Amino acid sequence: MSGSGFNRGLQAFWYVMLFFLYAPLAVVALYSFNSINSSAVFAGVSLRWYAALFSNETILHAFYNSLTLAITSSIIATVIGTLLGYGMYTYRHRRLGWLVWLVYLPIVMPDIVYGISQMSFFTSISNATGLFNLGLGTMVIAHVSFQVPFVALLIYSRLVGLDSMLFEACHDLYANGWQRAWYFILPTLRPAIVSAFFLAFTLSIDDFVISFFTSGPESTTLPIFIWSAIKKGVTPEVNAIATLMIGAVFGAAAIALAFQYVRLARSQASD
Amino acid sequence: MPSTKQTRTMGAFATRGSESPKRREPSHTGHLIAVISPGVIWIVVFLVLPSAYLMTIAFMTNGTYGLPRMPLTLEAFKELAGFGFLGWSPGNLYTLIRSIWQTVLSTGLVIAMAYPVAYYITRAPARMRPLMLLTVVVPSWTNQVIRAIGWMNILSPGSPVSNFAASMGLISPQMGLFPSKFAVVVGLVYNFLPFMVLPLYAVFEKLDYAQIDAARDLRAGPIRTFIHAVLPQTLPGLLAGTVLVSIPAFGMYVIPELLGGGKSMMLGNLVARQFAAASNWPLGAAGALIMIIATLLGLLVLRRLGKKLGGDSQVVL
Numbered sequence: 001m002s003g004s005g006f007n008r009g010l011q012a013f014w015y016v017m018l019f020f021l022y023a024p025l026a027v028v029a030l031y032s033f034n035s036i037n038s039s040a041v042f043a044g045v046s047l048r049w050y051a052a053l054f055s056n057e058t059i060l061h062a063f064y065n066s067l068t069l070a071i072t073s074s075i076i077a078t079v080i081g082t083l084l085g086y087g088m089y090t091y092r093h094r095r096l097g098w099l100v101w102l103v104y105l106p107i108v109m110p111d112i113v114y115g116i117s118q119m120s121f122f123t124s125i126s127n128a129t130g131l132f133n134l135g136l137g138t139m140v141i142a143h144v145s146f147q148v149p150f151v152a153l154l155i156y157s158r159l160v161g162l163d164s165m166l167f168e169a170c171h172d173l174y175a176n177g178w179q180r181a182w183y184f185i186l187p188t189l190r191p192a193i194v195s196a197f198f199l200a201f202t203l204s205i206d207d208f209v210i211s212f213f214t215s216g217p218e219s220t221t222l223p224i225f226i227w228s229a230i231k232k233g234v235t236p237e238v239n240a241i242a243t244l245m246i247g248a249v250f251g252a253a254a255i256a257l258a259f260q261y262v263r264l265a266r267s268q269a270s271d
Numbered sequence: 001m002p003s004t005k006q007t008r009t010m011g012a013f014a015t016r017g018s019e020s021p022k023r024r025e026p027s028h029t030g031h032l033i034a035v036i037s038p039g040v041i042w043i044v045v046f047l048v049l050p051s052a053y054l055m056t057i058a059f060m061t062n063g064t065y066g067l068p069r070m071p072l073t074l075e076a077f078k079e080l081a082g083f084g085f086l087g088w089s090p091g092n093l094y095t096l097i098r099s100i101w102q103t104v105l106s107t108g109l110v111i112a113m114a115y116p117v118a119y120y121i122t123r124a125p126a127r128m129r130p131l132m133l134l135t136v137v138v139p140s141w142t143n144q145v146i147r148a149i150g151w152m153n154i155l156s157p158g159s160p161v162s163n164f165a166a167s168m169g170l171i172s173p174q175m176g177l178f179p180s181k182f183a184v185v186v187g188l189v190y191n192f193l194p195f196m197v198l199p200l201y202a203v204f205e206k207l208d209y210a211q212i213d214a215a216r217d218l219r220a221g222p223i224r225t226f227i228h229a230v231l232p233q234t235l236p237g238l239l240a241g242t243v244l245v246s247i248p249a250f251g252m253y254v255i256p257e258l259l260g261g262g263k264s265m266m267l268g269n270l271v272a273r274q275f276a277a278a279s280n281w282p283l284g285a286a287g288a289l290i291m292i293i294a295t296l297l298g299l300l301v302l303r304r305l306g307k308k309l310g311g312d313s314q315v316v317l
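Protein chains in written order, with this note's numbering: chain A, 1 to 271; chain B, 1 to 317.
In short, the hints are calculated from the structure, not lab data.
Note that the coordinates shown come from a computational prediction; the quantities given were computed from them, not determined experimentally.
Mixed in with the good hints, there may be bad ones.
Said to hold, decoys possible - If you want the footprint, here are the derived chain B segments under chain A, 3+ residues with CB under 8 Å:
1. 113-126
2. 138-149
3. 237-248
4. 282-296
Said to hold, decoys possible - When the alpha-carbon atoms are kept at most 30 Å apart in a straight line, the in silico DSSO-like pairs for lysine-lysine are as follows:
5. B/Lys-181 / B/Lys-263
6. B/Lys-181 / A/Lys-231
7. A/Lys-232 / B/Lys-181
8. B/Lys-308 / B/Lys-206
9. B/Lys-263 / A/Lys-231
10. B/Lys-78 / B/Lys-181
11. B/Lys-263 / A/Lys-232
Claimed, not checked - Some, not all, of what chain B presents toward chain A, calculated at C-beta under 7 Å:
12. Val-35
13. Ile-36
14. Gly-39
15. Trp-42
16. Ile-43
17. Pro-50
18. Ser-51
19. Tyr-53
20. Leu-54
21. Pro-130
22. Leu-134
23. Ile-154
24. Gly-251
25. Tyr-253
26. Gly-268
27. Phe-275
Quick reminder that beta carbons are idealized off the backbone N, C-alpha and C, glycines included.
Just chain A, with the same shape it has in the complex (with noise of 0.2 Å):
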C-alpha cells in the first residue's frame, strides 16, 4: 500500500517540522552557555553571562517592570473582558454585529498600527494637557486594550459550550441576578477566567510593538531592553535574559499541560 509510504513521509515530516519550531530556541539556550562572546563558535560552557546578568540593575529594573506591567493589565483586562464575553453570549441573539467587529478587530489588526495610533494619541494629549505622559501608565492602558478581546472571547467561548438549560434551571429556581453570578456563572467560569487570566499577562509578557511605541524612557520592559541591546550588538547577555525567558514559557507550558492531563483523567474517571 502507498497508504504507509505517506504515513511515514508524514511522520518524518513532524520530526523536520520540530527541529524547524525549536532548533532557533536552542541555539539561544546553547550560546547562553558559551565561555566566548561569539554567536558563531562554541568554545567552552560557563556561567559568566548569568553572573553578568544578575549584577546588571537596569536588566532587573526592567524585569520588574515587565512583572508589574502584565500583572495590573490582566487583572484589568479580566475584569473588562469577562463582562464583555459574558454579555456577548447573554445577548447573541440581538444585533450586536457591531459588538463582534469591535472585538474582532483588535485580534487581526497588525500591532504596529495599535502601537503608533496608541503613541500619536497619547502624546498628542500629553503635549496639549500634561496627562498621558508615555511611561508605564499609558503601557498599561495599551495592554488591556489589546487583552480585553482575547479575554471577551475566551470567556464566550466556554459560555457557548455550555448546556443553555442550565441558565433556565437558574431562572426556574428564581435565582436573582446577583445569586445567578455568585453561584451559578462565576463558579462555573472559574476555570475559563483563570486561564483569561493567564492568557493576558502572556500576551503582555510577550508584546514587544506594542510596549515599544508606548513607553517612555523610564519604563523599559525586558523585551524593550533585549531590543535596544542586540541593536547595539551587545549579543550573550543577551541570550542569557532569553534562555531565561524560554525556560519560564516552558515551565508555564508544563504546568499548563499537566493541568489539562489532570482534568481529563478526573472526567475520564467520573465517567
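Chain B: place on chain A using the hints.
The following block gives chain B in isolation, referenced to the frame of chain A:
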C-alpha cells in the same frame, strides 16, 4: 435578515414558557449596557479613537520636528507614492510591493507546512493530541524578539548553516544568510506557523473520512482526493488561518527590522521610521492607513468567501 432573527429570538423565548418577551426588554437593555459598556468604552476610547486620530494625521501636513499640523491635504499619500522634493522615486512603492510579496510567499509556505502537521496531529491517538498541539504552539509563546535572535544566530555569517549554504555556492562565503529577504521569510514562516496549524487542526478533527474513502473508491489519486474531498472540508479553517497569518504578516515590524537589513524593509518598518526620530508623522500615518484598509478588505473578502462556502468559519484561538 429580520425574519430569521425574529424566529430565533422567538425560539429562545418560547422555551421560557408563558413570559412575554416585551415585558422583559427594558431591564435587559440596562443589564446589557452595564455588562458590555466597560469593555466597549475601553476599546472605543483607547483603540478606536487613537486609530481615528491616526487616520486624521494621514491627511495633515508635516510640520517642524515631524509633528502634524493643519491644513488637511493629500501630501502624505503623494509622498508615499514616491513624489518628493527631488521628483519621483520608487523607494516607497518597492517597500509596499515587497510587503505584499513577502506576505504572500510566507503565507503560502505556512499553509504548505501547516497542512501535513495539522493532519498528522489529527491522526495521532486522542490522548497525544493536546501534547502535540502544545508542542507546536509553545515556541510562539516566547517573545518574538527572542525568536528572531535565534534565527540571527543560526543564519549569521560563519554559522554552520551559512557555511553549508556557502559551500553549496548559494551565497558568497563571507556573507551570512542573515540579513536578507530569505531570513525575513524564514522568520515570518516560523512566527506564524502555529496560527495556521490551530485552525486547520480544528477542521481536520471534524473531517468526514467517508468522503475521502468515496474518492479513493472512485480511483481518485492522492492529488484529486485532496482537491475534491479534503480541501473543500478544510477551507473554513484555511480561511481563518489565512486571516490570522497574512494580516499581521503584512504589518510585521520586528522580523524585517532584525532579520532583514535595509533592503528588506516592509511597510511596518517604513511606518515606524516615520514616527521614530519624529521625521514625518503624516507619511507614517498614511502607511498605517493603508495597512488598516488592507486589513479590513482582507477580512471582508475572507468573510464573504467563508459565507459563500456556508461553513461557520469561527476563528479558533
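Restraint check for B/Lys-181 with B/Lys-263, where alpha carbons must lie at most 30 Å apart: Given pair B/Lys-181, B/Lys-263 holds - Cα atoms ~8 Å apart, limit 30 Å.
Interface restraint verdict for B/Leu-54 against chain A (beta-carbon cut-off 7 Å): For B/Leu-54, the interface hint holds, since the closest Cβ of chain A sits about 4 Å away, which is under 7 Å.
For the pair supplied as a hint, B/Lys-78 and B/Lys-181, is the alpha-carbon distance within the 30 Å limit? holds, 27 Å
With the threshold set at 30 Å, check whether the alpha-carbon distance from B/Lys-181 to A/Lys-231 stays at or below it. holds, 19 Å
Residue hint B/Ile-43, partner chain A, criterion CB-CB below 7 Å: holds, 6 Å
Are there three or more residues in the segment 113-126 of chain B whose C-beta lies closer than 8 Å to some C-beta of chain A? holds (count 6)
If you take the shortest Cβ to Cβ gap from B/Pro-130 to chain A, is it below 7 Å? Nearest chain A Cβ about 6 Å off; hint holds.
A closest beta-carbon separation below 7 Å is what the hint needs, so does B/Phe-275 meet it against chain A? holds, 5 Å
Holds or violated: is there a CB of chain A closer than 7 Å to the CB of B/Leu-134? It holds, given that the least Cβ distance between B/Leu-134 and chain A is near 6 Å, below 7 Å.
Three residues minimum, CB to CB under 8 Å: does the segment 282-296 of chain B make the cut for coverage by chain A? Let me know. Held - the segment 282-296 of chain B has 6 residues with a Cβ nearer than 8 Å to chain A, which meets the minimum of three.
Chain A contact restraint for B/Ile-154 - C-beta distance below 7 Å: It holds, given that the least Cβ distance between B/Ile-154 and chain A is near 5 Å, below 7 Å.
Pair hint outcome, B/Lys-263 versus A/Lys-232 [Cα-Cα no greater than 30 Å]: holds, 20 Å
In the structure shown, no violation is registered for any of the earlier numbered hints.
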